[in-house]
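Trainee: Residue numbers (the working numbering), protein chains in the order written: chain A, 1 to 320; chain B, 1 to 184.
Incorrect hints may appear among the rest.
[Stated by the list, open to error] Sample of chain A residues at the chain B side, in silico, Cβ under 7 Å:
1. Ile34
2. Arg36
3. Met101
[What the hints assert, rightly or not] Here are the simulated EDC-like pairs of lysine to aspartate or glutamate, each with C-alpha atoms no more than 20 Å apart in a straight line:
4. Lys40(A) with Asp74(B)
5. Lys86(B) with Glu25(A)
6. Lys40(A) with Glu32(B)
7. Lys39(A) with Glu94(B)
[Unchecked claim] Under 10 Å between C-beta atoms, here's a sample of chain A residues computed to sit facing chain B:
8. Leu22
9. Gln32
10. Ile38
11. Pro42
12. Asp46
13. Pro113
14. Gly114
15. Lys307
If you are wondering where the hints come from, they were derived from the structure by calculation, not from laboratory data.
C-beta atoms are modelled at their ideal positions from N, C-alpha and C, and glycine is treated no differently.
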Amino acid sequence: MAELSVAHLLGIKYLNRDDLELIFETAAQFKQVINRPIKKVPSLRDITVANLFFENSTRTRLSFELAEKRLSADVVNFSASSSSVSKGETLVDTVNNILSMKVDMVVMRHPHPGAAFFLSRAVNSVIINAGDGAHEHPTQALLDAFSMREKLGDLQGKRVAIVGDILHSRVALSNILCLQKLGAQVEVCGPTTLIPKYIESLGVSVSYDLDHTLAHSDVINMLRVQHERQHLRYFPGVREYSQQFGLTRARLEQAGHPDQVIMHPGPMNRGVEISSDVADGPQSIILNQVENGVALRMAVLYLLAAKQEVPAPAETPLSV
Amino acid sequence: MKSRALLTARSMEITLHRLACQLIENHGDFSETVLIGLQPRGSVVLQRLLALLESMGHPGVASGVLDITFFRDDFRRREAPLEPSKTKIEVLLEGKKVVFVDDVLFTGRSVRSAMDAVQSFGRPAEIELLVLIDRRFSRELPIQPDYLGQQVDSLAGDRVAVEWEGAPPQCNGVYLLKSTHGGA
Numbered sequence: 001m002a003e004l005s006v007a008h009l010l011g012i013k014y015l016n017r018d019d020l021e022l023i024f025e026t027a028a029q030f031k032q033v034i035n036r037p038i039k040k041v042p043s044l045r046d047i048t049v050a051n052l053f054f055e056n057s058t059r060t061r062l063s064f065e066l067a068e069k070r071l072s073a074d075v076v077n078f079s080a081s082s083s084s085v086s087k088g089e090t091l092v093d094t095v096n097n098i099l100s101m102k103v104d105m106v107v108m109r110h111p112h113p114g115a116a117f118f119l120s121r122a123v124n125s126v127i128i129n130a131g132d133g134a135h136e137h138p139t140q141a142l143l144d145a146f147s148m149r150e151k152l153g154d155l156q157g158k159r160v161a162i163v164g165d166i167l168h169s170r171v172a173l174s175n176i177l178c179l180q181k182l183g184a185q186v187e188v189c190g191p192t193t194l195i196p197k198y199i200e201s202l203g204v205s206v207s208y209d210l211d212h213t214l215a216h217s218d219v220i221n222m223l224r225v226q227h228e229r230q231h232l233r234y235f236p237g238v239r240e241y242s243q244q245f246g247l248t249r250a251r252l253e254q255a256g257h258p259d260q261v262i263m264h265p266g267p268m269n270r271g272v273e274i275s276s277d278v279a280d281g282p283q284s285i286i287l288n289q290v291e292n293g294v295a296l297r298m299a300v301l302y303l304l305a306a307k308q309e310v311p312a313p314a315e316t317p318l319s320v
Numbered sequence: 001m002k003s004r005a006l007l008t009a010r011s012m013e014i015t016l017h018r019l020a021c022q023l024i025e026n027h028g029d030f031s032e033t034v035l036i037g038l039q040p041r042g043s044v045v046l047q048r049l050l051a052l053l054e055s056m057g058h059p060g061v062a063s064g065v066l067d068i069t070f071f072r073d074d075f076r077r078r079e080a081p082l083e084p085s086k087t088k089i090e091v092l093l094e095g096k097k098v099v100f101v102d103d104v105l106f107t108g109r110s111v112r113s114a115m116d117a118v119q120s121f122g123r124p125a126e127i128e129l130l131v132l133i134d135r136r137f138s139r140e141l142p143i144q145p146d147y148l149g150q151q152v153d154s155l156a157g158d159r160v161a162v163e164w165e166g167a168p169p170q171c172n173g174v175y176l177l178k179s180t181h182g183g184a
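Okay, chain A solo, but in the shape it has when bound:
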């Protein structure tokens, strides 16, 4: 059967359409597996995965860890706050130390864009990017697209809006690249200060008016305002932001598309970018996204592991 064209998952940029289809097909099978009474399969039983999180995360980290455990991989966790990074060790040294303890795959989140790419060139292991700064978050984009396809079928020609803090969002960039490879039309919407200059060069349309965007979109993907990455004030206040770009029931009703799909990659700030009645409403697939996240990450881990060669057994005799 087909296999992935890449040896690492560094970003959506490096995947082609066939890779995306293969990942989605495999994820659909794993979704079946995790809905059984016994949710575990033994595929990765001889693999050890290190989860390196140099930045905080709940959902992604739990999701990866569950995916690894359901594939029977051994898992080691590492977070920057409790490590030697604070003692001045470089990234490559940290990872090489971990790899010399016979770890086969590395899942990494890092605050710096390009960290995963850099690491994939510097160390001899499979690298999965779980978010690098404001650059890419490939598994999130894949699970978003997978969830959309579950709901809408083929995404060819579908109109997807990404609303909110586009400037600081790695989810936005990965989503744009992924959706475009699947043939969807993407529109970004947000305050002028939070939309990067030249984003049109990616082939997306830009809107500064949420109601206008709502009127003609099949999917609305709401993003969180990333206060932790904002070192300037990009808008006058949270109240004003929520009045301009907060998704409310009234706004959805005014747009008049009851089959519009509402998504959010989490964590949600209820009452800021999305109101509670929308987040918990019938159009929301936010919790499906989380469920699909585990299946999709299982697919990614499985397909990347399949590309790895099994190391030859050591030539030391077992008995002397």
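Given the coordinates of chain A, assemble chain B onto it according to the supplied hints.
Mentor: Below, chain B alone, put in the same frame as chain A:
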């Protein structure tokens, strides 16, 4: 790949009839029995058997199909990874008599994986194995069929293929696909 016919459609039809009769002989009214086709090719044999059982007065025998891809022990050890198929088992197997149905029994590794995979659906009272074709002298594990269609002799590098046609499927014969490199 060169191919040579091992068994004709006619003789396979007689064999399938015999296997269906043997199942009836051992399982009576099938109230405690679930037939499980091993994906992908066992599910075709299963369909044919279910149709035969129905024509012999046993309609609605409980059945399902099981995909074993994620349970195989040769993951990362094959040239090309396998494509997973659907698993569809809508009955609880706890305490049931399960019969695995497959087309060709070769090394026995798929059957071993199936025994692992089926645990996810409960603990069967017993598991039996039905295969159309047994490639004898090629087993790598201590696994033998309980219901056997035909035995064939082949080299390790060859492939034995059961061909089906139409829907509901009719067996078209069994072919030996000779590897052009002369064995493994």
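Trainee: It remains to establish, for every hint, whether it holds in the given structure.
Mentor: Hints, verified against the model:
The restraint placing Ile34(A) at the interface with chain B is violated, with a minimum CB-CB distance near 11 Å, outside the 7 Å limit. Residue-level restraint check for Arg36(A) holds (minimum Cβ-Cβ distance to chain B is 5 Å; threshold 7 Å). Given hint, Met101(A) at the interface with chain B, is violated; its Cβ is 20 Å from that chain's nearest Cβ, farther than 7 Å. A distance of roughly 17 Å separates the Cα atoms of Lys40(A) and Asp74(B); the hinted pair therefore holds under the 20 Å criterion.
Proposed proximity of Lys86(B) and Glu25(A) is supported: the alpha carbons are some 10 Å apart, at most 20 Å. Pair hint Lys40(A) plus Glu32(B) does not hold up; C-alpha atoms about 27 Å apart against a cutoff of 20 Å. As the CA atoms of Lys39(A) and Glu94(B) are separated by approximately 17 Å, the hinted pair is consistent with the 20 Å bound. With its C-beta approaching chain B no nearer than about 9 Å, Leu22(A) sits inside the 10 Å limit, and its interface hint holds.
Checking Gln32(A) against chain B by beta carbon gives a least distance of about 6 Å; that is within 10 Å, so the hint holds. At about 4 Å, the closest approach between the beta carbon of Ile38(A) and any beta carbon in chain B falls short of 10 Å, and the interface hint on this residue holds. Proximity of Pro42(A) to chain B holds as hinted, the smallest CB-CB distance being about 6 Å (cut-off 10 Å). Restraint check, Asp46(A) versus chain B: the minimum CB separation of about 8 Å is within 10 Å; hint holds.
For the restraint placing Pro113(A) at the interface with chain B, the shortest Cβ-Cβ distance is roughly 32 Å, beyond the 10 Å limit, so the hint is violated. The interface hint given for Gly114(A) is violated, since its Cβ lies 29 Å from the closest Cβ of chain B, which is over the 10 Å cut-off. Interface restraint check for Lys307(A): the shortest CB-CB distance to chain B comes to about 8 Å, inside 10 Å, so the restraint holds.
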